[in-house]
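Q: Sequence:
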Amino acid sequence: MSSNISRHGVALAAVLFGTGLVAAPAVRAEDTLGTPVGHVTLSARSADVGVGYTWGDGTLTYGHRTYHFKVTGGNIAAVGYSALKAEGTVYNLKNLHDFDGSYGSLAGEATLNKGLGGAVLSNSNGVRIKIDSSTQGARLAAGAQGLTFTLGN
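At position 37 of the sequence shown the residue is numbered 53 (our numbering), and the sequence of numbers has no breaks.
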């Protein structure tokens, strides 16, 4: 009898999950990154022949103020050219000066005309930025990517 109950219980759980009446707890990236404290937008370009180079600028909104910053960086293995527009949420930024620095991520890009992407960047001060991006151009890149953000005066 207990095997019938357990079989029916498993079947009932499968039906409930399948119909959406019972949902598993959702885990979102924001939950693991902490509390959002700011917002960034950035515009950059990448030109690559083997090793890539990226340059551009952006804005950080933090503490009801907007700050401008420069973007530089590169990719270990890339070829092509692309223009990137990105928006993101900033986490774990406790002091404005902690924003400056090198951010790293493992990333890949395959853009032919237009592409979409996303990444979580982090620096040595514990600041994390979850970005969503759109690209235009013709570029293929893979591997470790590093970007340096430098606040303007």
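Keep in mind the hints are simulated off the structure, nothing from the lab.
From the three backbone atoms N, C-alpha and C, an ideal C-beta is built for every residue, glycine too.
A couple of the hints might just be wrong.
Claimed, not checked - Straight-line C-alpha distance at most 25 Å; calculated DSS-like pairs for lysine-lysine:
| hint | residue 1 | residue 2 |
| --- | --- | --- |
| 1 | LYS86 | LYS101 |
| 2 | LYS110 | LYS146 |
| 3 | LYS86 | LYS130 |
| 4 | LYS110 | LYS130 |
| 5 | LYS146 | LYS130 |
| 6 | LYS86 | LYS110 |
| 7 | LYS86 | LYS146 |
| 8 | LYS101 | LYS146 |
As the list claims (entries may be wrong) - Now the in silico label distances, taken between C-beta atoms and shown as ranges:
| hint | residue 1 | residue 2 | range |
| --- | --- | --- | --- |
| 9 | HIS80 | GLY50 | 28 to 34 Å |
| 10 | ASP73 | ASP114 | 31 to 37 Å |
| 11 | GLY79 | GLY117 | 33 to 39 Å |
| 12 | GLY134 | ALA63 | 30 to 36 Å |
| 13 | GLN152 | LEU112 | 29 to 35 Å |
| 14 | HIS80 | GLY117 | 20 to 26 Å |
| 15 | VAL53 | TYR97 | 30 to 36 Å |
| 16 | THR82 | ASN141 | 33 to 39 Å |
| 17 | GLY50 | TRP71 | 28 to 34 Å |
| 18 | ASP116 | PRO52 | 18 to 24 Å |
Q: The structure should be examined with respect to each hint, and the outcome stated for every one.
A: Okay, the hints, checked on the actual structure:
The straight-line distance between the Cα atoms of LYS86 and LYS101 is roughly 14 Å, inside the 25 Å bound, and the hint therefore holds. A C-alpha spacing of about 16 Å is found between LYS110 and LYS146, which places the hinted pair at or below 25 Å, so the restraint holds. Among the hinted pairs, LYS86 with LYS130 is consistent with the structure: their alpha-carbon atoms are about 24 Å apart, no more than 25 Å. Pair hint LYS110 plus LYS130 does not hold up; C-alpha atoms about 36 Å apart against a cutoff of 25 Å.
For the hint pairing LYS146 with LYS130, the CA-to-CA distance comes to about 21 Å; that is within 25 Å, so the pair holds. Taking the CA atoms of LYS86 and LYS110, the gap is near 20 Å; set against the 25 Å cutoff, the hint holds. Between LYS86 and LYS146 the CA atoms are separated by roughly 18 Å; this keeps the pair inside 25 Å, and the hint holds. At roughly 14 Å between alpha-carbon atoms, LYS101 and LYS146 fall within 25 Å of each other, so this suggested pair holds.
With their beta carbons about 20 Å apart, HIS80 and GLY50 fall outside the hinted range of 28 to 34 Å. The beta-carbon spacing between ASP73 and ASP114, approximately 19 Å, falls outside the hinted interval of 31 to 37 Å. One distance hint, 33 to 39 Å for the beta-carbon pair GLY79 and GLY117, is violated here, with the actual separation near 18 Å. In this structure the hint that GLY134 and ALA63 lie 30 to 36 Å apart at CB is violated, the actual value being about 22 Å.
Distance hint for GLN152 and LEU112: a CB-CB separation of about 32 Å, consistent with the stated range 29 to 35 Å. Separated by about 23 Å at the C-beta atoms, HIS80 and GLY117 satisfy the suggested range of 20 to 26 Å. With their beta carbons about 34 Å apart, VAL53 and TYR97 fall inside the hinted range of 30 to 36 Å. A hinted range of 33 to 39 Å for the beta carbons of THR82 and ASN141 is inconsistent with their spacing of about 20 Å.
For the pair GLY50 and TRP71, the supplied restraint of 28 to 34 Å holds, since their beta-carbon distance comes to about 29 Å. Roughly 20 Å separates the CB atoms of ASP116 and PRO52, a value that falls within the hinted 18 to 24 Å.
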